[in-house]
Amino acid sequence: MSDSTDTWRDRLSDYLDGALEDSERSELEEHLEGCEECRETLVELRQVVARAGSLVDAPPARDLWPGIAYRIRETEEGERRGKSFTFSVPQLAAAAVTLVALSSGIAWQIASGFSARQAEPAVSVAQAPAQTGLLLASRIASHDYESAIAQLERVLDVGRERLDTATVRKVEEKLALIDRAIDEARQALSADPSNAYLNQYLAGTMRRKLDLLRRTAALTEL
Amino acid sequence: MNATILAAALSTLMSVPQETDTLIAVPGGVRITVEQVAGDVTVTTWSQNQVRVLADHGSDDTIELELDGNELSISAHSNTGMAIVDFELTVPVSAALEISAPFADVRITGTQGNVSVQTVEGDIHVEGGRGQVDLQAVAGDVMVFGSEATVQAASVDGDVMLTDVSGDVEAQTVDGDVILKDASSDNVQAATVDGDILWDGDILDSGRYSFVTHDGDIIVGVQPGANAKVSVASFDADFEIDFEASLEPGEQESRRFSFVLGSGSARMELESFDGSIHLTRRGHLSEE
Numbered sequence: 197m198s199d200s201t202d203t204w205r206d207r208l209s210d211y212l213d214g215a216l217e218d219s220e221r222s223e224l225e226e227h228l229e230g231c232e233e234c235r236e237t238l239v240e241l242r243q244v245v246a247r248a249g250s251l252v253d254a255p256p257a258r259d260l261w262p263g264i265a266y267r268i269r270e271t272e273e274g275e276r277r278g279k280s281f282t283f284s285v286p287q288l289a290a291a292a293v294t295l296v297a298l299s300s301g302i303a304w305q306i307a308s309g310f311s312a313r314q315a316e317p318a319v320s321v322a323q324a325p326a327q328t329g330l331l332l333a334s335r336i337a338s339h340d341y342e343s344a345i346a347q348l349e350r351v352l353d354v355g356r357e358r359l360d361t362a363t364v365r366k367v368e369e370k371l372a373l374i375d376r377a378i379d380e381a382r383q384a385l386s387a388d389p390s391n392a393y394l395n396q397y398l399a400g401t402m403r404r405k406l407d408l409l410r411r412t413a414a415l416t417e418l
Numbered sequence: 005m006n007a008t009i010l011a012a013a014l015s016t017l018m019s020v021p022q023e024t025d026t027l028i029a030v031p032g033g034v035r036i037t038v039e040q041v042a043g044d045v046t047v048t049t050w051s052q053n054q055v056r057v058l059a060d061h062g063s064d065d066t067i068e069l070e071l072d073g074n075e076l077s078i079s080a081h082s083n084t085g086m087a088i089v090d091f092e093l094t095v096p097v098s099a100a101l102e103i104s105a106p107f108a109d110v111r112i113t114g115t116q117g118n119v120s121v122q123t124v125e126g127d128i129h130v131e132g133g134r135g136q137v138d139l140q141a142v143a144g145d146v147m148v149f150g151s152e153a154t155v156q157a158a159s160v161d162g163d164v165m166l167t168d169v170s171g172d173v174e175a176q177t178v179d180g181d182v183i184l185k186d187a188s189s190d191n192v193q194a195a196t197v198d199g200d201i202l203w204d205g206d207i208l209d210s211g212r213y214s215f216v217t218h219d220g221d222i223i224v225g226v227q228p229g230a231n232a233k234v235s236v237a238s239f240d241a242d243f244e245i246d247f248e249a250s251l252e253p254g255e256q257e258s259r260r261f262s263f264v265l266g267s268g269s270a271r272m273e274l275e276s277f278d279g280s281i282h283l284t285r286r287g288h289l290s291e292e
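Chains as they are written, first to last, in the numbering used here: chain A, 197 to 418; chain B, 5 to 292.
The set of hints was computed from the structure by calculation and includes no laboratory data.
Treat each hint with caution, since some may be false.
Computed from the model, here is a short list of chain A residues facing chain B with C-beta under 10 Å [as the list claims (entries may be wrong)]: (1) Arg242; (2) Ala346; (3) Leu359; (4) Val367; (5) Ile374; (6) Arg376; (7) Glu380; (8) Ala381; (9) Asp407.
Quick caveat: nothing in here was measured; it's all calculated off a predicted structure.
Where is the CB? At the ideal position from N, CA and C, for every residue including glycine.
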């Protein structure tokens, strides 16, 4: 991969947004004619834009967010007031996972078109800024995952006393394993921000952490 | 119908080994829930609409069976602490099973109903199953043999091994391997963080296969005549293929590429962040 490829690939998002100067746009189009890698990345970016656009036209069958946000807010207020949870641990865990499924739909649209047969989450991106591109999608997804993960970790702190000490230790070791994987993916992504695979991979690894947290939280009810 | 049977211990001086053996008639399509803290749970099936409960337990433990409509709940309680009970259940072949046993090995053979098992410290072993089989362990291996069911199998610290499965599969672990042998499923998702993924099955023409690991190898046995578009993605993984494929020279050196086998009708996605990806012929996997 040449330096010029790196330079132009980082500008593809701006190119799609129409944010390049005329001279830059001409230079990039000239580069695209001779660079297959950038052409492929551009195709992927366009797919993200197209899919995000189609999601705007497909509103959720049921807007779950107000209820979830209300419950989470209520929980946080309850914590501040020193009151107990109104949600059981698994319910809140499930709500947090639902939140992620709803709010990170953009990231799930990234990548190779290989979607197995998973149902695509209903999602509205009406509030998403007009800017497009893999990095933006990754940032949106990452922010939502981190919020959900933090929420679940707080929930787990409350419920962990119901788990065996050895079990807690094992889960923490495995969470650390996933955290290392997330860190490695983040480092790789910072060096190659528009890499579609790394964006998708980071989202997938964070989803695995969420899933582990959700399952562990549910165990506190066994 | 609502019936409760208590098989209570008589001794109050000390807990001594005791066996409870109970037979209860159940309606067709019964759903059986088992809640037990520690001990093993073994389930076999028969063609009768009856459930036999054989339990080895201490004399301070109580085995409770409650039949309400078509739901039979079986649970163990202790007057002095944690009930440690080994259950041997014989259930109707079509019974649905829901077993929650934090510190137990669970073994189920011959069922054709839905199965749900959750353990914390214990292995899960299921033979058979139709409909939905949902198995979750924290520290333990999860094994499924000869199942036509849609299988969801997950562990945290353990291997997931599926043999001779033909339904949709979602298999995942964090620290362990995912092994699929003699599989004929057309929708498979397998993922691990620190472990290998091995596929030794038929790639069906309409199939969708996704194998993802962070720090491990992916080994795929491909039958001659397979039709699939194979997408490979990695950050720093080695790629090796033992047979002829439509790869451009040098292509496999890149981090992301795809190639076609036969008509390319199936879709296979292989992702290893930092391991190796190896495609070989089925039958050569024993060496792996």
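Do the hints match the structure? See the list:
no. : hint   : in the structure
1   : Arg242 : violated, 17 Å
2   : Ala346 : violated, 20 Å
3   : Leu359 : holds, 8 Å
4   : Val367 : holds, 6 Å
5   : Ile374 : holds, 6 Å
6   : Arg376 : holds, 9 Å
7   : Glu380 : holds, 7 Å
8   : Ala381 : holds, 7 Å
9   : Asp407 : holds, 8 Å
In summary, the numbered hints that this structure violates are 1, 2.
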